[in-house]
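Visitor: For reference, the chains in residue letters:
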Amino acid sequence: MIENIPLPETDDPVDAPFWEGTRRGELCIQTCLQCGRMRFPPRPMCPSCQSGASHWQRVSGRGRVWSFAAPSSPLLPAFEKMTPYVVALVELEELPSLRMIGAVLLTAGGEVSGVSAADVHIGAAVNVDFRQYTDDVVMPCWVLA
Amino acid sequence: MLKDRTAIVGIGETDFAKRLDDTEWGLACTAIKAALDDAGIAPSEVDAMGCFTQEATPEFEIARSLGFGDVHFFSQTAHGGGAACGVVGQVALAVASGVANVGVVWRSRKRGDPGKRQWAGVQERVTDHWKWSRCQGLLRPVDEIAITARRYMHDFQVTREQLAEVALTQRLYAARNPRAIMRDKPMALDDYMTARMISDPLCLFDNCLESDGAIAMVIVRSDDVCAATQRPVYIHAFSQGLSPQHQLMTDFHGDDPLRSSSYSTAANLWRQSDIQAQDIDVAQFYDAFSPMVLYCLEAYGFCGRGEAASFVADGGMSLSGALPVNTSGGSLSEVYLHGMNLLSEAVRQLRGSAVNQVPGARSCLVTTCDSTPNGALVLRGA
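As given, the protein sequences belong to chains D and F, one line each in that order. Take the first sequence: its position 74, counted from the start at 1, is 74 in my numbering, and no numbers get skipped. Take the second sequence: its position 296, counted from the start at 1, is 296 in my numbering, and no numbers get skipped.
One chain only, chain D, in its complex shape:
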């Protein structure tokens, strides 16, 4: 069992621009060059028009909590140490089916640890924030508005 939080590979050509964006402090969503539809998670082809051409469009970072979980033991050691924490599925303002998973923070720049289920509710407004884990991994998380 690994001691650290598992981290995403960030150099896969399919989604590397997403991680380049988070390193700049920007939330960027893959957008079809042909039909303009945004899609997440990233993939090589647009399911609406089958175009393989896409670009990355910065979004507002505003969203609402669709739902959330408050995990507790048994967990990986790194997550055990963080309890209590809350992980939310957030609907982005730009398109409700653009849902993204991330930890919930009480304040911008705050800690993942120390957030309880009672602090969060379905429908709560949130804003994106970014937490740096390594040189290449900066993950979006969600601050209660």
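Just so you know, these hints were derived from the structure itself, not from any lab. Even glycine gets a Cβ: it sits at the ideal position worked out from N, Cα and C. One should not assume that every hint holds.
Unchecked claim - Computed beta-carbon distance windows for the label pairs:
| id | chain 1 | residue 1 | chain 2 | residue 2 | range |
| --- | --- | --- | --- | --- | --- |
| 1 | F | THR53 | D | PRO44 | 15 to 25 Å |
| 2 | F | ARG19 | D | GLU93 | 47 to 57 Å |
| 3 | F | GLY98 | D | ARG58 | 54 to 64 Å |
| 4 | F | LYS18 | D | SER113 | 27 to 37 Å |
| 5 | F | ASP256 | D | GLU3 | 33 to 43 Å |
| 6 | F | ALA382 | D | PRO84 | 48 to 58 Å |
| 7 | F | GLY306 | D | THR134 | 35 to 45 Å |
| 8 | F | GLY360 | D | GLY36 | 56 to 66 Å |
| 9 | F | ASP15 | D | THR134 | 38 to 48 Å |
| 10 | D | LYS81 | F | PRO114 | 30 to 40 Å |
Using the hints, position chain F against chain D.
Guide: Same frame as chain D, now just chain F:
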């Protein structure tokens, strides 16, 4: 059409326990031999094999252990708990079409050891679609189901007391099943309400068991059933389902994350079936987590959207209810074998030999995991 052209004529099970000494390979052999004995068929007659992609022992090791002859069809079905009905259905298609004559399907798993938890094996860097959820803290399947369960409970005003009825009803079934791991562990509502949370809003008793065992089945063409020695259960309808934006454990990026692949499976299953939801006598719904039973009741048309919790709370899934469900105790209280125990219980119900027998049961719906790409079967008694 596949309809009734094949039948399950043998089932075999090992002991079920938190820990068994035998290997997964050995347990698989024991279960398959028992199923063949139940069917009265020699291992040398087997020429089709079906199992899960997650099965640890390759087909050739099974074939050369049991003494199979020349095997002409072998398939594996993906998506863990979503696989069991696909394993059966794919072998049934091969046997019905004449590619092969005698099929065996099995699942052997030693999952009682906490070290065998799949999430515990996550690597330092995640390369596939899990990078969008595991790293962010939805580490385990229970965390993903906690997300949909909370939204479901919120949208339809479902209480924990209502959800508890899934676990409580199945524990009652298990109390009468001498093979159930939790047969001697009665549970009351207070036990449920005070149990520790695993992923709020889901508590310990919303989670399936962690257990060891193996189960196998034998499938032949209905024309080849030996009426004198075999008790056939006919495979009446089969479908798998993968809805447009579904991932392995969630449909978080579809238009409605509560509308799982089960809705896709159900529509195509009922399209092929002479037996419709209102005709079903007993059901086995995949229950790695208790909310999945509610989701299946609605997806397969037994309850309207948001009505399953009331149905269950009013005793609907008990032996005297409108639709007895998971009558062996299921994955929550009998054994967790990726849903293969739900299939063997379905066969016993339609043979009239279940410990919690539904009187006169002639039809059984079996489903696999609501939250993965999945499958389902309508089975019919002779």
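Visitor: Range first: 15 to 25 Å. Now tell me if the beta carbons of F:THR53 and D:PRO44 are that far apart.
Guide: Given about 23 Å between the Cβ atoms, the range holds.
Visitor: Does the Cβ pair D:LYS81, F:PRO114 satisfy 30 to 40 Å?
Guide: violated, 18 Å
Visitor: Take the C-beta atom of F:ALA382 and the C-beta atom of D:PRO84, compute their distance, and say whether it sits inside 48 to 58 Å.
Guide: Given range 48 to 58 Å: holds, Cβ gap about 55 Å.
Visitor: Does the Cβ distance between F:ARG19 and D:GLU93 fall inside 47 to 57 Å?
Guide: holds, 50 Å
Visitor: Kindly confirm whether 38 to 48 Å is satisfied by the beta carbon distance between F:ASP15 and D:THR134.
Guide: holds, 47 Å
Visitor: Note whether the CB distance of F:GLY98 and D:ARG58 lies within 54 to 64 Å or breaks it.
Guide: holds, 58 Å
Visitor: Just to be sure I understand the hint, the distance between the Cβ atoms of F:ASP256 and D:GLU3 should be within 33 to 43 Å; is that true here?
Guide: holds, 38 Å
Visitor: Given the hint of 27 to 37 Å, check if F:LYS18 and D:SER113 actually sit that far apart at their C-beta atoms.
Guide: With Cβ atoms ~33 Å apart, the hint holds.
Visitor: Holds or violated: 56 to 66 Å for the Cβ distance of F:GLY360 and D:GLY36?
Guide: holds, 58 Å
Visitor: Given a hint of 35 to 45 Å, does the C-beta separation of F:GLY306 and D:THR134 actually sit inside it?
Guide: holds, 43 Å
Comparing the model with each earlier hint shows a violation of hint 10 alone; every other hint is respected.
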